[in-house]
Amino acid sequence: MTQWEVVIGLEIHAQVTTQSKLFCSCSTQFGSTPNTQVCPVCTGMPGALPVLNRTVLDKAITLGLATHCTINEHNEFARKNYFYPDLPKGYQISQLDKPICSLGYLDVEVDGSTRRIGLTRIHMEEDAGKLVHQGSDNIKGATHSLVDLNRSSVPLVEIVSEPDIRSAKEAKAYMESMAQIVRWLGVCDGNLEEGSLRCDANISLRPKGTETLGTKTEVKNLNSFKSVERAILLEIERQTDILDEGGTIIQETRHYNEATNSTKSLRSKEEAHDYRYFPDPDLVPIAIDRAWVSRIEQTLPELPTARHKRYQTELGLSDYDAGKMTVDRETGDFFEATLSLGSSAKEIANWLNGDISAWLKEHSSTLAICKLTPAHLAEMLKELINGTISGKIAKQLVDDMLETGTHPSTLIKEKGLAQVNDTGAINQMIDIVLSENPKAVEDLKAGKVQTMGFIVGQVMRKSQGKANPDQVNKRLKELFSLS
Amino acid sequence: MISTEDVRHLATLSRLRFNEAEVAQYAKDLGSIFDYAKALNELPTDDIAPSAHAIPIENVFREDGVVPFDADTLLINAPEQEGHAFKVPQILAD
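Those protein sequence lines, which keep their order, are chains D and H.
For the first sequence, our numbering assigns the number 418 to the initial residue and increments by one for each residue that follows.
For the second sequence, our numbering assigns the number 77 to the initial residue and increments by one for each residue that follows.
Possibly wrong hints are sitting among the right ones.
Covered stretches of chain H, as calculated for chain D (at least 3 residues, CB under 8 Å) [claimed, not checked]:
| # | region |
| --- | --- |
| 1 | 129-141 |
| 2 | 147-159 |
| 3 | 162-168 |
Derived from the structure by calculation, the hints contain no laboratory data.
Built from N, CA and C at the ideal position, the CB exists for glycine as well.
Kindly generate the complete structure, drawing on both the sequences and the hints.
This is how it looks when you write it as structure tokens:
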């Protein structure tokens, strides 16, 4: 039986993070009352003139530079003509043959090796409005539909990959990696739930070892990383079944349903796509000179992959820790800031990965909005290392710092959390515990080392976690001549 | 020359309905408009760079900032509305 090779290209639409829309000054705020963030431009009123939002251009260039694209000096906007109720002008303003970025790539880690996925282009375009179908949960059974144009003309970049992806797993890794980069750069907030990142996949199969591309289908509505992987697996299976039985693939668009994990052909009565693109006469051409590009190049932050490697080679972090510390920009910057205050990389990573991330998860919070600061964490780690507080108290302190934003020194003083290093006080507590546990004393005298843990625990309890456990251990060993 | 097929295709894309007589008439009318525009082909344009705009102008931008618009006035012309949304008829029939 023929062995099939999978060929996948992804088109990712990312909403560019801005205050206002692509061609007008309406807000891009998500979730507002329908049609409250609209004006004559984004509702397609006759005579209204679009004017380009410069920030979108800067961010598109930023993304292009970060993905090794050529930034094209000459840019034009074109009209893509089609009729649909979510498109008030009867055309979408997009870019056709003069896009902002061409020919880049993204290196993606899959199963421990690096795959280079080519980028055909990145272009700027406006989003359409939102349709809410009434009387049914899908468009076919609906009696009528409601149109909300708040999203109309919200700025997008469409990132088109080369057909370089060879599996569903690679597609998911590519999408995750792109999401990480656009977030890292502040180009897009990466919020999949609010539709800030959307993905369509072009999928085809060809006999292994051949070059000619097979007939492709386009699977739409991939709105989560999991959907990308699952929908592509489904489509590979569907196409394999057809081809194995000697059938042919029909070029079509298929809609993925996340709830049922199935795809369905979107048979549209629309004739074959005929968008009649032409340059938009309402918008003037854009000329981007070298100076403009270098200005943006200079503001480009160190990218997550580069930082990940640096953390391993320069700071000696494990691959896992380095990955966790570069998962997003806020974690990376928090880590860097704490590091610059003199804490050890490994200690910071342990706390951020452990207690801090657990607390944030439990409280549905993030490093950006919680009250913990790098300065406070660094101070707490200093107190821990120099023995002012015990590890147990440190855990309690981190929770308090996250909760209240209070400086750790204040907390230590106010709550009397400082570790007891005073030998006299510690010995006194040990004496009390021993007198309360004669059986344990017998065991210790008989050389049962494992009983020591119990006694240490009792002393820690009595001291409310403040006794220095090292000192308690040391004292017990002396008392009972244990080693 | 504009064929009757071209006119039918254009009509579909434009969501217009024509009878046979109209199709023939528009093929003729559009044909003569195209022929008229063809006069431009006689101009020597070998040394002229392709342009996307009628006048030599580039880089017109606005800074990113929100200026609210009284959106209620935009719904005044809606043929039908429901809540705060434009109401449109069924999009796809079964």
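Taking the numbered hints from earlier one at a time, note which ones the structure violates and give those numbers from smallest to largest. Every hint satisfied by this model.
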